[in-house]
Structures are given as C-alpha cells and as structure tokens.
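Q: Chains as they are written, first to last, in the numbering used here: chain E, 1 to 343; chain W, 1 to 184; chain S, 1 to 166.
It should be emphasised that the hints constitute simulated quantities derived from the structure, not laboratory data.
Since this is a predicted model, take the numbers as computed values, not measurements.
Each hint should be verified, as a subset may be incorrect.
Partner residues aside, some chain S positions facing chain E, computed with beta carbon under 10 angstroms [as the list claims (entries may be wrong)]:
(1) Ala65
(2) Val68
(3) Val142
(4) Phe145
(5) Ile147
We put the beta carbon where it would ideally sit given N, CA and C, even for glycine.
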Amino acid sequence: MDWEFILEKLLLITVVVTVSLVVAMYATYIERKFAGFIQDRYGPDRAGPFGILQPLADGLKLFFKEEVIPSHSNKLLFVLGPCLAMLTAMMTSAVIPWSSPIEIGGRTVSLQIADINIGILYVFGVVSMGVYGMMIGGWASNNKFSLMAALRGASQAISYELAMGLSLIAVLMLSGSLSLRVITEQQVTGLWNIVYQPLGFLIFFVCALAECNRAPFDLPEAESELNFGYHQEYSSMKLGFFLFAEYINMFISCALIATLYLGGYDMPFVNEANLSGSSAAIVGAVALFSKTFFLILVFMWIRWTLPRFRYDQLMNLGWKSLIPLALANMLITGAVILWTMKG
Amino acid sequence: MEALTQRSKPVDRSPMTWLERIYLWNIFKGMLITFTHFFKKRATIKYPEQTRPFSPVFRGLHVLNRDEEGRERCTACGLCAVACPAEAITMEAAERLPDEENLYREEKYAAKYEINMLRCIFCGLCEDACPKDAIYLSETFAPANYSRKSFIYGKKDLLIPNPVTNKEEYDIAKGLIEKKKKKS
Amino acid sequence: MSITHLLFWFLTVLALGSALMVIFSKNPVHSILWLIATFFAISGHYILLNAQFLAIVNIIVYAGAIMVLFLFVVMLMNLNSASIPLKNKWLGFAGVISGGSLLLVLTAALKDTEIMRNDVMMKTGDIGLIHNLGLVLFKDYVLPFEISSVLFLSAMVGAVVIGKKD
Chain E
1 MDWEFILEKL LLITVVVTVS LVVAMYATYI ERKFAGFIQD RYGPDRAGPF GILQPLADGL
61 KLFFKEEVIP SHSNKLLFVL GPCLAMLTAM MTSAVIPWSS PIEIGGRTVS LQIADINIGI
121 LYVFGVVSMG VYGMMIGGWA SNNKFSLMAA LRGASQAISY ELAMGLSLIA VLMLSGSLSL
181 RVITEQQVTG LWNIVYQPLG FLIFFVCALA ECNRAPFDLP EAESELNFGY HQEYSSMKLG
241 FFLFAEYINM FISCALIATL YLGGYDMPFV NEANLSGSSA AIVGAVALFS KTFFLILVFM
301 WIRWTLPRFR YDQLMNLGWK SLIPLALANM LITGAVILWT MKG
Chain W
1 MEALTQRSKP VDRSPMTWLE RIYLWNIFKG MLITFTHFFK KRATIKYPEQ TRPFSPVFRG
61 LHVLNRDEEG RERCTACGLC AVACPAEAIT MEAAERLPDE ENLYREEKYA AKYEINMLRC
121 IFCGLCEDAC PKDAIYLSET FAPANYSRKS FIYGKKDLLI PNPVTNKEEY DIAKGLIEKK
181 KKKS
Chain S
1 MSITHLLFWF LTVLALGSAL MVIFSKNPVH SILWLIATFF AISGHYILLN AQFLAIVNII
61 VYAGAIMVLF LFVVMLMNLN SASIPLKNKW LGFAGVISGG SLLLVLTAAL KDTEIMRNDV
121 MMKTGDIGLI HNLGLVLFKD YVLPFEISSV LFLSAMVGAV VIGKKD
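Using the sequences and the hints given, assemble the complete structure.
A: Written out as structure tokens, the structure is:
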C-alpha cells in the first residue's frame, strides 16, 4: 500500500468536505441576502459587518435548540433520516474533478477524490439514495403531512431523475466516456458541451432544480399546504442537517452542471497547456468555482422569481415535456454523430 | 359594471401563443423584473439607528407640562379623567403649602397622577379637555416591559424636566437639541 | 487474508444477515430497509469482481428506484404486524415446498458449473466494465437484448393505456 497516496486522498477528502460545508453555510447567507435585494430589503445585516457572521449565528442557534423526538415515532429511523440526507449529499462530491492535476514535490496529485470509469452513474446512484433520507425521515416522524411530503418528494425525485438521465445520455454519446475527468478534458481541448447540447443543458438544469427540491420545485416542503413538509417534526440540528443537505446538494449539482456542460475547470480564453502544472491547477479551480457560484446564483435567482408549481403541473412537465424532449435530443444527437462519422 | 379604479386590468383569456406556451421566455422576463429590483431603493428603515419621522399629529406618551418658571401646571381638576374614554387616568389632589409656591402654579395640585398605558388608547381627549394646558401627548410611544405594573406611569414618569433647574434635559424632552449618544 | 478476502467475507455476512433480517423483521418498512442493505452488499461483491457498471446499475435500479416504489406502497398502506391476517397453514406448507424445490434446482444447477472449482476472479475480470459489457450486449446478444427492450416498451405502453383510462 502506498501510504502517501492514502494520506493525499484523505487530505483531499477533508478539503473537499470542508469546502462544501463552508460553501453550503455561506450559500444560506447569500440566499437570504439575495432574497432581500430582490424584495427591496437589506437581508441579514446585524451579525458582524454586512451580517457576514449570520450563518454562524444560525448554526449556533440550531445547536442550542431543544431536541424533540415525537413520542410515537420510530427513534432509530427518525435519526437515520437526516444522517442519510447529509451523507448522500456529501458523497456526490467524490467524483467531481476540482481541477487539473497539481504537482507537489515531484508527485502528480489528482484533484479528484476518485476517478472511476462510471463517474456519472455513481452520481446517479448516490442521488437516488438521497430519496431515502427524505422518505425515512418523513415516515418515521409518524405524521401524515410529513409522510405526504416525503412521498411527493420521492416521486418528484424519481420522475426527474429519468429526464436527467436521458438528457445526460446525449453528452455521454458525445464524449464516449462515463468518467467525469475524461468529459472535462475533452471540453478543455475542444468546445464546451453546452455548445453542442443547449437543449440537453436546459433539461439537465431544470431536473437539477427539481432534484435539489429548489423552488419552483420545492413541493416536498410546501409550507402552505403541507405545513413544513417532510421535516416538520424535526428540530435542532437534525432539522439543520436536512436544510444543510439541501444547500450541499445545490452546491454539488451546480459543480456537476459546470463540469458536464460548462467546461469544468477550463478557464475560457486561457490556454492551460502554456501554464505550469500548479498554476494551471489554481486557474482551473478558480474557473470551476466561479462557474459553480454563478450557477448557484442563478438557482437562487429562479427561486426568488418563480412561484411553486402545482403538483399535477410538476408531473406534466416532467413526464410529458421533459422526457420526450430529452428523448428527441438523444435521438438527434445520435443521428448527427452517425452522420458526421460517415461523412 | 363600471370600473372602480383606473388601475384594474381585464384578465386576458386569449389562448397562449407558442412563445408563451414554451414558458421559458416568460420565465426570463420575470427574472429580468426581479433583477431590476436589485437596483431599486430599499424600503427598509434600519430601526434602532434610523427612525421614521412622526407625523405632526402623532399622539404618543403623555407629558405633564410645567410653565416657564418650572412650576407644574396641573391643578388636579379631574377633567382629563372624566374625558378619558378608557378610564386610564386617576389622580389625587392636594393643597399647596405656603413654601411650595415655586413648585406648583395654583393652590391645588396633583399629589398623585397615574395613567395606565395598557388602558390608554392615545385618543388625545385628555389633551383637549385640560383647561390649564397641563397634559400633552408627545411623539414617543411606550417601550416594552416585562410587568404590567410598569405600565402604570406615575408622576415621575410623566413630568417634563424642570426648565429652570435642569435646562438641558428639558430641551432634550422638547426635542430642541439632540440627545447625546451613550458612551458605553 | 488480504483486504479483498476480508471485504469478501464482510460483504457475504452482511448480504446473508440482512437477507435474513428481511424475513424476520416484523415491520414491513424495516424489511425493505434491510433489503436495500442486501442490495448494497451485493453491489459490493460486484465491485470486488471489478464489475463496477453492474454494481452501480444494481444500486440505481434496484435500491434506488424499485425499493422506493416498495416503500411507497408499504408506507401508504400503513401496514402493522397486527393488521396482517393469519394465513392458511396450507399456504405456509406450499411455500416451504416450492421454496425448497427452488433451492434444490439452484444447488443442482450450480454444482456442476466451473465456478465452484475455480477461485473467484478478484479484480481481474473485466467483463463487468461498461465498455466490454456494451460490446457483448450489442454484438453477441443483440437479439435477446432487443426483444427484451420490446418487452419493456410494451409494458410502458400498457402503463400509459391504463393511466389514460379515466
């Protein structure tokens, strides 16, 4: 066993986990500020300069809240729900290439936790596990509203996973690989996938919104009809885990969209080949993070613009619009690839 | 039916055009609208630092007035208590002693004067009823407190500072000069 | 005992143990959760055999989609151990016989195959990798593959027809 390799990976995992936690933390702050600005308010501005310490205050508040476990709930599953939600949210970050390999002391260190040849499918597998956190949590609370919201959320996630997968197949046909690193490297040398796949990007983006339970697809936590959704009975940090997992999901899915369609760690108008290894890695990380933040801002922008879908509208959009569109997109892509290969 | 306001718009029930049906364009328009709000003036007033100006007819907490020589104007006639629709005012009269002429303007004065701020509806009828211009409604409102008892304001809460012996506080109460910020 | 062996035995115990828990747990929701654990253990075995594609598809399709539907039904029906009616004892008898004969057939079929004699190929086989699997599916087994896809298509059409009927 190569101990340096294990150490390097452990370090990378720690960094990635910390970064996604901090980003998720400050995403809550940015979200509230953003909402404030859109609604002609200031947003949080009391804790620290410009309210910059607000996430810390929120976190502390959640830690010190009383922990309520409903008496007729299933205790084990009740605790398992938020744990699963958090776990699956964090696990997705393992296959995203955060930048091009960096060179430290003669060693080439890949800035990707695991480059497995089924990278995309791994993401899908973990995302499909994320449904269980919601369902188990909703069911174990022993509350009808929580259960309804959990079922809604699960059916929404399953429906949109389909369209997401179909829109992705077109990208995979273009790249011929399931590994996220290969897909990114193709975009670094060639054009970004959004140029070839504008429709696929749009479908994937909409589905990502739905998978993250973001407005206008935030039916699982529809306050107006289901009280507070599947985490209604949760309090203290267990509630915090659910809410936090949503923000981590948002960060990871934005990073994924950036990797798949927006060139990953490719900085536009810069030829990475001319840069030395380490500086290329830094430029790449900056590029990926700025793309991710831009996408997060768009997510928030959409949330504070659009009202929530009705449930039948949601299902209609998913099954009757997005899936046929994704299928058509897939067929056209396949036909064009065949045609260009012949010609 | 005749339109009640000029702003009402009839609902457009014509079938959606293709551009409207694909939904995206309208989403984009909505997002542009929210984006313009980024640059609009904020409606928030940051309360403890900024306060909203009161209207000139605002009726707030009561003040018992003094005359120019710093003597209490109230003679405990009880007209304000009679006028009060909420029965918030109670008082006890007392006779002025010979050596108290610099304290009270008339021979009779209010030894005890209480307003229950939880009952008071800030209608200002006491102000209208007073023949001696002794009671006024100021531009402040009752601060929050933990006990009901603390909302029964006695004479020491209501009386304006003495303009002769305590000029500075009097001016602050009148709003003539700004209150100095606390140094803490 | 290398790490792979340790993992193999751990996953085996996990798979068999959670499969037993599926049968023995009183609460149907717990049963389903144990079944999901079983699927994970089996996927772990696939990964040990270097069949990552099969492993992840097993998780996505079975643990991710089908089990969610199972959970849907069980949660909505709100099954309790008390509400399950007592079964006919002949039904239990028939179950034991049919299950036993299935076991018999499986052991008889597996006894003669080569797998029993060879050691399991750990980390060496590459048939489970997506590239090779795709080639095999679309070259050698293209007809059965297409026929089964037609089967799925007809199932989908049937579902749509049932859904359309109001």
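Q: State for each hint whether it applies.
A: Comparing the hints with the structure gives:
no., hint, in the structure
1, Ala65, "6 angstroms, holds"
2, Val68, "6 angstroms, holds"
3, Val142, "17 angstroms, violated"
4, Phe145, "17 angstroms, violated"
5, Ile147, "21 angstroms, violated"
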